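Asker: Use these hints to put chain B onto chain A, whose structure you have.
Protein chains: 2
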Amino acid sequence: MKLYCGKVNEKFINKQVTIKGWIKKIRKMGSITFLDISDRYGLVQVIADETIKLDNLTRESVVQVKGTVVARKTPNDKLKTGKIEIKCSALKVLSLAKTTPMIVEDVTDALEDIRLQHRYLDLRRNVVRDKIIFRSKFINELRNYLVKQDFVDVETPCLAKPTPEGARDYIVPTRNAPNHFWALPQSPQIFKQLLMVAGFLKYFQIAKCFRDEDLRADRQPEFTQLDMEMSFIEEKDIMRVVEKMFKHALKKTMNLEIQTPFRVMQYDDCMNFYGVDKPDLRYNLKLADLSQYFEGTQFKIFNNILLDKGVVKGFAIDQKLMTKNEFETVQKFATDKGLQIAYITFKDGHKFEGSIARIIEDGKANTAFNSFGFKTGTLILCAGKQDKVNATLGAARIACNNIYKFANPDELAFTWVVNWPLFEYDEETGKYAAAHHPFTSPSKQSLKNFDTDKANARARAYDIVLNGYEIGGGSIRITNTSIQKRMFNAIGLTPEQAQAKFGYLLNAFDYGVPPHGGIAIGLDRLIMILTKADTIRDVIAFPKNSHGIDLMLDAPSAASAEGLDDLFLQVKEK
Amino acid sequence: MKLYCGKVNEKFINKQVTIKGWIKKIRKMGSITFLDISDRYGLVQVIADETIKLDNLTRESVVQVKGTVVARKTPNDKLKTGKIEIKCSALKVLSLAKTTPMIVEDVTDALEDIRLQHRYLDLRRNVVRDKIIFRSKFINELRNYLVKQDFVDVETPCLAKPTPEGARDYIVPTRNAPNHFWALPQSPQIFKQLLMVAGFLKYFQIAKCFRDEDLRADRQPEFTQLDMEMSFIEEKDIMRVVEKMFKHALKKTMNLEIQTPFRVMQYDDCMNFYGVDKPDLRYNLKLADLSQYFEGTQFKIFNNILLDKGVVKGFAIDQKLMTKNEFETVQKFATDKGLQIAYITFKDGHKFEGSIARIIEDGKANTAFNSFGFKTGTLILCAGKQDKVNATLGAARIACNNIYKFANPDELAFTWVVNWPLFEYDEETGKYAAAHHPFTSPSKQSLKNFDTDKANARARAYDIVLNGYEIGGGSIRITNTSIQKRMFNAIGLTPEQAQAKFGYLLNAFDYGVPPHGGIAIGLDRLIMILTKADTIRDVIAFPKNSHGIDLMLDAPSAASAEGLDDLFLQVKEK
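So the sequence lines, in the order shown, correspond to chains A and B.
Quick note: the first sequence, position 395, residue 395 per the numbering used here, numbers continuous.
Quick note: the second sequence, position 515, residue 515 per the numbering used here, numbers continuous.
For reference, chain A alone in the conformation it holds in the complex (with noise of 0.2 Å):
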């Protein structure tokens, strides 16, 4: 009988079977060796004695076993087929295997780089594939959930057109014509909403997309999306979806329960309370305006940030007395920001140490901190314009967690984030952009006048936050003909550029559009978080390295040529 590795057990004792898989480990003792052999459903142990030829095997080699099922006189309980071992009758090398590069079991000290470079054997340390056959598992049951609504999964062209702007985009040229270029989308967006005027009405698809940027450590230059769009909706439906769809598939893959519907933040909420447009919910330290506790204060620089309209907010951490190098640490982190932060620590009450301790007012401090409900623990304070304020205290509070690790591993905690600025303004050009693209609808508050106060506009989108991450966002779009023309001339956009840009799209408007809106959910992100990876890369089967490089292709990789030739191309002299 064949079996796989990890599905031989108990059942199966007294019986012939035969097994193939990776030598894990070889161990002899006396005339007996013990073998481990693996496979992608676990390991088992098999029992060769001296008529079993075993010279020169070597681990990680492929071998097939025959042999028979046995009860074990000591079981192992940590493994799966702890309870049996194989005695061997017969073992044939099917692929003998030289001395590895890497370590390849679970705990392993190659550095990425050498994993990324021999990928095939990192992936075949169980903690690095086990990662991708969720991933594989997850997908699918997020599928199954939006089939099952009448999803239709539509997959939508890698050779596209390319933006005029194209900075970010890849470009492709073509043997078929001269300087012209495919290009590979950032996203499909253009094809959903064409997509909905076609009558769709409910899209998905697991969309690959390309950016051509400057790379960041949690980037990639191909990364994977859950791409959605629903017409005749409002905001509550497709939020419902998602839901529906991370419960479904939660409960299937991991077998949890996630209650539903998710919590809803007002940005300007997330901002004032958690100094950040993606706050980490599963812990507390919530921001709050301490002004009216330090006016008059005679610590100088607060009085005169008070006194020039600015404010002193602050977070309290019940019972932890931080030391000076842990403040250090979180200020570091958080001055980033751009301003700086002060801390005091307070027992029973009163104040007691701290950056600022000597300055302030006892009566101030101990009042500022008592504020909280607490009467133990430490105070971090910052003061200046709100706007600043906010941010670096946001970014304190993600170092005070990093350090005293509040947030629980175990927990989901899932936000929307709503009611966003329609536009972004740029300090340097001193103009403002779309803050999403421009095919987001104002709300319905903004709808008079997006285009006149676009400080105040907002819009409607909303974005899906997961323990601190943006996993997703989205929005419902403009399909009123004037409502987009405001919106292009809001954001400098000539009626002659529009048209240049975006004129597939309105056209296609002018022939019965429905109302849509949709989300584009970011898989690999996501799915890091739910395997508690530490990088997107982790998650990736075949993942390029912080570079954009993939070490293991070694690409990309120069072009011959004539290869170049083929393309009506050269390299630009410099």
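Hint data in this document are derived by calculation from the structure and do not stem from the laboratory.
Only a predicted model underlies this, so the values are computations on that prediction, with no experimental measurement involved.
For every residue, glycine included, the Cβ atom is placed at its ideal position computed from N, Cα and C.
Hints may be right or wrong, so weigh each one.
As the list claims (entries may be wrong) - In the DSBU-like style, the derived pairs of lysine-lysine whose C-alpha atoms are separated by at most 35 Å in a straight line are:
1) A:Lys448 <-> B:Lys53
2) A:Lys87 <-> A:Lys73
3) A:Lys66 <-> B:Lys53
4) B:Lys148 <-> A:Lys25
5) B:Lys148 <-> A:Lys83
6) B:Lys454 <-> A:Lys98
7) A:Lys131 <-> A:Lys92
8) A:Lys309 <-> A:Lys431
9) B:Lys25 <-> A:Lys236
10) A:Lys202 <-> B:Lys83
11) B:Lys337 <-> B:Lys347
12) B:Lys337 <-> A:Lys251
Unchecked claim - Computed footprint of chain B on chain A, listed as stretches where at least three residues anywhere in the stretch have a Cβ under 8 Å from a Cβ of chain B:
13) 146-160
14) 173-180
15) 504-517
16) 540-546
Unchecked claim - Just the calculated beta-carbon pair ranges, DEER-fashion:
17) A:Gln386 <-> B:Asp106: 55 to 65 Å
18) A:Asp277 <-> B:Glu562: 54 to 64 Å
19) B:Asp106 <-> A:Lys444: 35 to 45 Å
20) A:Thr18 <-> B:Gln497: 31 to 41 Å
21) B:Arg263 <-> A:Ser31: 52 to 62 Å
22) B:Asp566 <-> A:Lys375: 40 to 50 Å
23) A:Ala177 <-> B:Lys332: 27 to 37 Å
24) A:Phe34 <-> B:Gln497: 39 to 49 Å
25) A:Phe34 <-> B:Leu412: 45 to 55 Å
26) B:Leu111 <-> A:Glu496: 22 to 32 Å
27) A:Gln499 <-> B:Leu111: 22 to 32 Å
28) A:Arg175 <-> B:Thr367: 50 to 60 Å
29) A:Lys405 <-> B:Lys66: 51 to 61 Å
Answerer: Chain B alone, transformed into the frame defined by chain A:
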């Protein structure tokens, strides 16, 4: 109550409903107007009296209708919603449509270029959209089957390594390094083999693949394949999985019961009996060697060919007396394959008419025709070297079916074709190349001398054929280093060249490779056959036209000089 147009039925009579959809027809009858309003689920009739404002309302506009469902006096049996209609109490225009550039109905006179340019309207036609919806459902059932069988769905990179010859890869420049390129994969072949080295055991992926080739009518620069690979298996294991997967998906999506296992044909038999390597088995017209009947014939051409070790082969068509016109159509199609054909008709067992009826002896002709067991009908003949005779008659056989429509359009005739030649002889270069790819294992019988007797070497390769189309192919791979070296040598690759081209795969095989094999199924073509579409363009949401142009996007298109600058490229001067 909100309902989809196509889901309003007699259960809702006397209920207030709201529907949203596209106006397909507007008929004014005195003071009453009938509106046909449609969505993906179907069409419903709305009656509006003169209180409802309908000024300027156009076909294809998107409207919201509130009203009461009432029974129709004269039900329309052809319509799902034909027992009812909606008495409109309020109508709101959500999007007013301009006159469409094509008729948006199942039957349209629009040329394909117009349809592709306005694909969002073409897709609004039920006959087109339904094919894309079928595609979604069918592919989802393929996935479901494979996931249940513990296959892992792994996404492999789109940005991969250019193959050194590079002729047919799309290459992709990047801003991050001058003269460095990614390549879009022609298939995930090497990645899936690496996944076997990594121990995934069973892999699949619905993979987008790319080829920058000269375009034929039934090819697209990007296409979709179901890619699979398994470890520790033989041909029959792959074949059984594919059969069961199709059985499952066809039952679920089309309620079809297909017979499994599929027929298995030897490659040589295909060529001898059908003249092609992808026979359409829905009709017979089997080729037979008729040489014996024409030995010593007075028809010099046949006689000389037979004396020169050639053959006379043919097939017979029962009951059909081919006309001269029909024969000319068949001949035109067949002679592309290199030889002339001839025909003779028979009535009641006796020679009647035909291109060589007067030249061939009655007795020989009648005996040859009667050998098929027919009395009345047509005999198609061809003489020459075996290979060309087969190819010519294979084409003639297809042409005859095109005329007489023997094939049942509802039948699905699957067959495997096995025992393929390992090499292909290139008459131009006088060299042998790998018929499939150089990782295809020689058959067990060919292992000894495949590299010394290339003409007769056979491969462990298998194609799956449906109704005369190759819908997929695969093989058991070489995993033995010494056989792989002999294979590279046989196709003229030096060890250095082999290492440069396939080094990372060969290196991986040094660390424990399981025996493995797989298959790739061309989904565009398969779904074209299942939906009885005319071209694969009909089953792709946003296809390129037959010249490889996306008419809707107007792509590929020119890149800006600055865009190319960023990529360190310039267009080559002639």
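Asker: What are the numbers of the hints the structure violates, in ascending order?
Answerer: 3, 12, 18, 22
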